[in-house]
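As a plain string of letters, each chain reads:
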Amino acid sequence: LAKTTQPISMDSYEGQEVNITCSHNNIATNDYITWYQQFPSQGPRFIIQGYKTKVTNEVASLFIPADRKSSTLSLPRVSLSDTAVYYCPALGNKLIFGAGTRLAVHP
Amino acid sequence: DTEVTQTPKHLVMGMTNKKSLKCEQHMGHRAMYWYKQKAKKPPELMFVYSYEKLSINESVPSRFSPECPNSSLLNLHLHALQPEDSALYLCASSPLNTGELFFGEGSRLTVL
Numbered sequence: 004l005a006k007t008t009q010p011i012s013m014d015s016y017e018g019q020e021v022n023i024t025c026s027h028n029n030i031a032t033n034d035y036i037t038w039y040q041q042f043p044s045q046g047p048r049f050i051i052q053g054y055k056t057k058v059t060n061e062v063a064s065l066f067i068p069a070d071r072k073s074s075t076l077s078l079p080r081v082s083l084s085d086t087a088v089y090y091c092p093a094l095g096n097k098l099i100f101g102a103g104t105r106l107a108v109h110p
Numbered sequence: 006d007t008e009v010t011q012t013p014k015h016l017v018m019g020m021t022n023k024k025s026l027k028c029e030q031h032m033g034h035r036a037m038y039w040y041k042q043k044a045k046k047p048p049e050l051m052f053v054y055s056y057e058k059l060s061i062n063e064s065v066p067s068r069f070s071p072e073c074p075n076s077s078l079l080n081l082h083l084h085a086l087q088p089e090d091s092a093l094y095l096c097a098s099s100p101l102n103t104g105e106l107f108f109g110e111g112s113r114l115t116v117l
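Here the protein sequences come in this chain order: A and B.
For the first sequence, my numbering begins at 4 and goes up steadily by one.
For the second sequence, my numbering begins at 6 and goes up steadily by one.
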C-alpha cells in the first residue's frame, strides 16, 4: 500500500515561493502522484498530478525525481488564501491520503 | 456543471435512527467514492464504486451501507451508528483511471 510522508506544518509569508516535499514509500510503478488542497470544513481540491519529471499548471508546479520516491509541490508567490492543508496521495487503484502538511501564510 | 452536491450539509441522529446521506454529480464520472474525515485528520477512504458497482470496501462496518442507484447518484445509508462515527462524510467522483477527484462539501454527521 502506497504510504506518503510529509512535514506536519510549514510557515511562509505572502509573496514567497513555498516548496512542500512528500516522500512516497512503496510507490508502485503504475501509481501517479497527486496533490490536493483542503480548507477547513470543505472537501479536498485537486491541484496537480504527475508521473515523473516536471508538471506545471496555472496554480502550481510539481517536481518528481527519476526514482519517484519523492515529489515537491511548488507554490509561487503565496497569498493568505493559500493557508490550507496540502496532501500528496499516491494513486494506485485507490486514493489514500496521508497526514498532510498544514501551511500557514503570514502577512 | 463541475460540482458534486451532498445533502444534507448537517445531520444529527440518535444511535437507533436510520438516515441516509446523498451525493449527486452530473459530470459523467463513472467512479464515485465515500470518505470519512475526523477533525484534524486526513480523509479516510470507505467505499469506491466503478460503473455503479462496488469495487472497494475498506473494511467498513456494516452499519454503513452504500448504494449507487445510477451513474449520477451515490447514497450512504446509516443505521445503529455510534457516537464515534460522528465526522465529516465526503463524497467524490472522478473519471476512471485518474487521480483527479472532485469532492463535495461534505455532510457533517453528529451521532448522539
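If you are wondering where the hints come from, they were derived from the structure by calculation, not from laboratory data.
We put the beta carbon where it would ideally sit given N, CA and C, even for glycine.
Keep in mind that the hints are not guaranteed to be accurate.
One-sided excerpt, in silico: chain A residues whose CB lies under 10 angstroms from chain B [as the list claims (entries may be wrong)]:
hint, residue
1, 15
2, 18
3, 94
In silico negatives: residues of chain A with every beta carbon more than 12 angstroms from chain B [as the list claims (entries may be wrong)]:
hint, residue
4, 33
5, 41
6, 61
7, 101
Derived coverage of chain B by chain A (criterion: at least 3 residues anywhere in the stretch with Cβ under 8 angstroms from a Cβ of chain A; other residues may be distant) [as the list claims (entries may be wrong)]:
hint, region
8, 27–33
9, 47–54
Enumerated hints in conflict with the structure, sorted upward: 1, 2, 4, 5, 7 and 8
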